[in-house]
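Novice: Since chain X is already given, all that's left is putting chain L on it; use the hints.
These protein sequence lines map, in sequence, to chains X and L. Going by our numbering, the first sequence wraps up at 739, each residue one higher than the last. Going by our numbering, the second sequence wraps up at 384, each residue one higher than the last.
The hints are simulated quantities; they were obtained by calculation from the structure and are not laboratory data. Source: prediction; values computed, not measured. No residue lacks a Cβ here, since even glycine has one placed at the ideal position from N, Cα and C. Be aware that a few hints might be false.
Here are the simulated DSS-like cross-link-like pairs (lysine-lysine), alpha carbons at most 27 Å apart as the crow flies [as the list claims (entries may be wrong)]:
no., chain 1, residue 1, chain 2, residue 2
1, X, K601, L, K292
2, X, K659, X, K630
3, X, K630, L, K107
4, X, K670, X, K467
5, X, K630, L, K104
6, X, K689, X, K659
7, X, K597, L, K107
8, X, K517, X, K473
9, L, K292, X, K570
10, X, K630, L, K98
11, X, K597, L, K104
12, L, K243, L, K279
13, L, K243, L, K292
Per label pair, the in silico range of CB-to-CB distance [as the list claims (entries may be wrong)]:
no., chain 1, residue 1, chain 2, residue 2, range
14, X, L739, L, I244, 25 to 35 Å
15, X, A491, L, G379, 55 to 65 Å
16, X, E730, L, D111, 56 to 66 Å
17, X, G546, L, T345, 55 to 65 Å
18, X, K661, L, P181, 28 to 38 Å
19, X, K734, L, E152, 58 to 68 Å
20, X, K558, L, A326, 34 to 44 Å
21, L, E152, X, N518, 26 to 36 Å
22, L, E81, X, N518, 51 to 61 Å
23, L, E152, X, K661, 36 to 46 Å
24, L, M108, X, G546, 44 to 54 Å
25, L, N88, X, D646, 53 to 63 Å
One-letter residues, chain by chain:
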Amino acid sequence: MEIWEEKVRRLKKIAWELRKDVIEMIYRAKAGHPGGSLSSAEIISVLYFEIMNIDPKNPAWEDRDRFILSKGHSCPIHYAALAKRGFFDREHLWTLRKTHSILQGHPDMKKTPGVDYTSGSLGNGLGIGVGMALGLKMSNKRSRVFVLLGDGECQEGSIWEAAMCAAHYKLDNLFAIVDYNGLEVDGWLREIMNVEPFKEKWEAFGWKVKEVDGHNIEEILNAFQWAFKVGGPSVLIAHTVKGKGVSFMENEVEWHGLAPKEEEYKKAMEELEKEVLKL
Amino acid sequence: MKKEIATREAFGEALAELGQVNPNVVVIDADISKSTYTTKFHKMFPDRAFNVGVAEQNLMLVAAGLAITGKIVFTSTYAVFASMRACEQVRTFICYPNVNVKIAASHGGIQVGADGPTHQGTEDIAIMRSMPNMKVIHPADAVATKKAVFAIAEDYGPTYLRTMRNPTPIIYDESYKFKIGKGNIVLDEGDDVSIIATGIMVLMALEASKILKEKGIRVKVIDMSTIKPIDSELIITLAKKTGGIVTCEDHNIMGGLGGAVAEVLVENYPVPMKRIGLKDTFGESGDWKELFEIYGLSPKHIVEACIEVIRRKEGIKISP
Numbered sequence: 461m462e463i464w465e466e467k468v469r470r471l472k473k474i475a476w477e478l479r480k481d482v483i484e485m486i487y488r489a490k491a492g493h494p495g496g497s498l499s500s501a502e503i504i505s506v507l508y509f510e511i512m513n514i515d516p517k518n519p520a521w522e523d524r525d526r527f528i529l530s531k532g533h534s535c536p537i538h539y540a541a542l543a544k545r546g547f548f549d550r551e552h553l554w555t556l557r558k559t560h561s562i563l564q565g566h567p568d569m570k571k572t573p574g575v576d577y578t579s580g581s582l583g584n585g586l587g588i589g590v591g592m593a594l595g596l597k598m599s600n601k602r603s604r605v606f607v608l609l610g611d612g613e614c615q616e617g618s619i620w621e622a623a624m625c626a627a628h629y630k631l632d633n634l635f636a637i638v639d640y641n642g643l644e645v646d647g648w649l650r651e652i653m654n655v656e657p658f659k660e661k662w663e664a665f666g667w668k669v670k671e672v673d674g675h676n677i678e679e680i681l682n683a684f685q686w687a688f689k690v691g692g693p694s695v696l697i698a699h700t701v702k703g704k705g706v707s708f709m710e711n712e713v714e715w716h717g718l719a720p721k722e723e724e725y726k727k728a729m730e731e732l733e734k735e736v737l738k739l
Numbered sequence: 065m066k067k068e069i070a071t072r073e074a075f076g077e078a079l080a081e082l083g084q085v086n087p088n089v090v091v092i093d094a095d096i097s098k099s100t101y102t103t104k105f106h107k108m109f110p111d112r113a114f115n116v117g118v119a120e121q122n123l124m125l126v127a128a129g130l131a132i133t134g135k136i137v138f139t140s141t142y143a144v145f146a147s148m149r150a151c152e153q154v155r156t157f158i159c160y161p162n163v164n165v166k167i168a169a170s171h172g173g174i175q176v177g178a179d180g181p182t183h184q185g186t187e188d189i190a191i192m193r194s195m196p197n198m199k200v201i202h203p204a205d206a207v208a209t210k211k212a213v214f215a216i217a218e219d220y221g222p223t224y225l226r227t228m229r230n231p232t233p234i235i236y237d238e239s240y241k242f243k244i245g246k247g248n249i250v251l252d253e254g255d256d257v258s259i260i261a262t263g264i265m266v267l268m269a270l271e272a273s274k275i276l277k278e279k280g281i282r283v284k285v286i287d288m289s290t291i292k293p294i295d296s297e298l299i300i301t302l303a304k305k306t307g308g309i310v311t312c313e314d315h316n317i318m319g320g321l322g323g324a325v326a327e328v329l330v331e332n333y334p335v336p337m338k339r340i341g342l343k344d345t346f347g348e349s350g351d352w353k354e355l356f357e358i359y360g361l362s363p364k365h366i367v368e369a370c371i372e373v374i375r376r377k378e379g380i381k382i383s384p
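Isolated chain X (complex conformation):
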C-alpha cells in the first residue's frame, strides 16, 4: 500500500507536470485556454491518478467510471492527463487544435480515446451526467459518473434543470466538482452575475455539498472519501485560482483564452519546473 504522504506527493507532482504540458500544448497550438486548465490541475490529478476506475488499454470498458468535462474549454489539462495515463501517445498533445488532430479545440468523444462525452458548449455536462448515471444504474453497473463544472457555467439554467433532476432521481452514483476560480471571460463572477449563495443553492436543490481548497491534494482526496460515504448526488465546491502556478496568469482574466508568446512561455515553464523539482 502506498503511504498517505507518498500518495499526496505523487499527486501534487503530477498536477504540476500536467500544468507544464498545458502550457507547452497551448504555446505550440498558439491558442487555447490556460486559465481554467491550470485551476483544475489538482482536481484532474486526483481523479485520473487516484479516484477513477479506468483502463487506458480499454477506453470503452463498460464497467469504468465516467468523466465529463463540462467546462470543455479546459480540455488541455484533461488531454494531458489522458496522455499521461496512456490513453494515447504523448506526441498527440503537440497537435492540439490542428487539422487532423485527435485533440479538438473542445472535447470530441468520437476523436479522443478516454473522452466519455463531447463538451465545450457550457451548461450541458451535468444533464448528460444525469443521463449516464441513470443508464448505468439501470444496467446494474457500479460505475460512478464525475462531472467537472466551471463556476461561470453555473449561470446557465440547464445546470439547475439537471441539478433538480439528479436529486429527484436520487443519483447516488453522480459526483460533481465545481472549479470555482471566480472568473469568467468578462471578469469576476461576483461582478458579472453573482452565483452566490452557491453552497446554499446546491443544498436547496437537494445535493450534498462540501467546500474544499481546490489546490490542496489532501483536502480533495478527503472530500472524495466523504462524497463516497454520503453518496451522490454530491458536489465538491473547489475554491481555486484561475491560472494557478504561473505568476502572471494567476487571477488575470485575459489568460482565460490566450496563448503565451515565447518569452511568456519560457517564464511560465521555468516557474512550473521549479514547482516540479520541489517534489
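Specialist: The following block gives chain L in isolation, referenced to the frame of chain X:
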C-alpha cells in the same frame, strides 16, 4: 373513411408495443406525457420511463447520457420545444456525437389548431433537417406512424419523428411497408403532375387529386414521409416522368419538404415547381381545417398550384 386517429396517439400506442418487444427502449418526457400519449409506456414500464418535468434542455441532455450507456432513447415533447428550446442540445450533444436518440415531437404544423402559434411547430423540419446525422420523418397517418416507430428503433442514430395533434383519417392498411428514406406513391393516375406531400398534406393532396380528376388532370400523389434523407431517386424519376412538381407541407415554406425537393431538382433535373406551405408567416388559433383554408394549405390551393405547374411546363404564359 375509418375512424380518425391522431398520429401522436398512434405514436404512444406503438411505443408501448415497442417496449414489450424491445427491453432496451427508454422513454423520457418533459411533462405533457398525457398529451404526447407516452403515459401507456410509463405505466407498463416504470423502470424505463422518466419524466424530467418542464425542462426540455435537460430532456435532451439526459437522453444523450442514457443513449451512450447503450439504450435506445425516445424523448417526447412538442415540436416547438424539441426543435427550438432544446435546439443546441439536440445539435451539439445528440447529432454531433451521433448518439441513438429518437426525438418524438407532437404538435407539428398549424394542424395543432386552437392552441395557436406558440404550440404550432412550423419551423421544426427546417431546423432539424439542417443538423448533420439527423433523420427527419413525418408520417401521414396512424398506421404509418406505428410502422415508423418500429423502423426508427431498429435503425441507429438521431431521428426526428414529427406527429400531429388532431385526429386524421387513416390512409394506409396494415400491408403498408414503411421504409426510412423512401417515398411512397399513394396514387398514380397519370403523368400530368406529381404532388409530393408529407404528413396531413398527403390527405389534402388526395382530396385535391379528386378535384383535378374532374377537370381531366391526372396526377401522382407521393407520401414523402422521410424528409431527410430525401428520396432523390424518386424525385428525379417523378420530374422526368411528369415534368412538374407540387410540394405540400404543414410547415413554413422555407427549408422544409419544398426546400428539400427543390434542392434535388435544381441540381439534377429542374422542372416547374410550386410549394404549398405557410408563406413565411405564423399561424393563429382556430379549427385546423379553417386555418388550412386561410393559410393556403387546402385541397383547393393544391389544385391551383397543380394547374399553374402544368401551364408552366407546357409553356403557357400565365396572366398575373
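Novice: Against this structure, judge whether each hint is valid.
Specialist: Quick rundown of the hints versus the structure:
1. For the hint pairing X:K601 with L:K292, the CA-to-CA distance comes to about 36 Å; that exceeds 27 Å, so the pair is violated.
2. In summary, the hint linking X:K659 to X:K630 is supported, as the alpha carbons are separated by about 19 Å, within the 27 Å threshold.
3. A hinted pair counts as satisfied when its Cα atoms are at most 27 Å apart, and X:K630 with L:K107 qualifies at roughly 21 Å.
4. Only pairs whose Cα atoms come within 27 Å are accepted, and X:K670 paired with X:K467 is accepted, the gap being roughly 22 Å.
5. Between the alpha carbons of X:K630 and L:K104 the distance comes to roughly 24 Å, so the proposed pair stays at or under 27 Å and holds.
6. A threshold of 27 Å between alpha carbons decides the hint, and for X:K689 with X:K659 the separation of about 19 Å falls inside it, so the pair holds.
7. At most 27 Å may separate the alpha-carbon atoms for a hinted pair to count; X:K597 and L:K107 meet this at roughly 20 Å.
8. A threshold of 27 Å between alpha carbons decides the hint, and for X:K517 with X:K473 the separation of about 24 Å falls inside it, so the pair holds.
9. Restraint check for L:K292 and X:K570: satisfied, since their Cα atoms lie roughly 23 Å apart, inside the 27 Å limit.
10. Distance check on the hinted pair: X:K630 and L:K98 sit about 25 Å apart at the alpha-carbon level, within 27 Å; holds.
11. Using a Cα cut-off of 27 Å, the hinted pair X:K597 and L:K104 holds, with the two alpha carbons roughly 23 Å apart.
12. The suggested pairing of L:K243 with L:K279 is violated, with an alpha-carbon distance near 33 Å, which exceeds 27 Å.
13. Between L:K243 and L:K292, the direct Cα distance comes to roughly 12 Å. Compliance with the 27 Å bound is thereby established for this hinted pair.
14. Under the hint 25 to 35 Å, the C-beta atoms of X:L739 and L:I244, about 58 Å apart, miss the expected range.
15. In this structure, X:A491 and L:G379 meet the distance hint of 55 to 65 Å, their C-beta atoms being roughly 58 Å apart.
16. One distance hint, 56 to 66 Å for the beta-carbon pair X:E730 and L:D111, holds here, with the actual separation near 57 Å.
17. At roughly 59 Å, the beta carbons of X:G546 and L:T345 sit within the given window of 55 to 65 Å.
18. Hint check: X:K661 to L:P181, Cβ distance near 35 Å, so the stated range 28 to 38 Å holds.
19. Taken as a hint, the range 58 to 68 Å is violated for the pair X:K734 and L:E152, whose Cβ atoms sit roughly 43 Å apart.
20. At roughly 38 Å, the beta carbons of X:K558 and L:A326 sit within the given window of 34 to 44 Å.
21. Distance hint for L:E152 and X:N518: a CB-CB separation of about 32 Å, consistent with the stated range 26 to 36 Å.
22. Separated by about 37 Å at the C-beta atoms, L:E81 and X:N518 break the suggested range of 51 to 61 Å.
23. Roughly 23 Å separates the CB atoms of L:E152 and X:K661, a value that falls outside the hinted 36 to 46 Å.
24. Here the CB-CB span from L:M108 to X:G546 is close to 46 Å, well matched to the stated 44 to 54 Å.
25. Take L:N88 and X:D646: their Cβ atoms lie about 45 Å apart, and the range 53 to 63 Å is violated.
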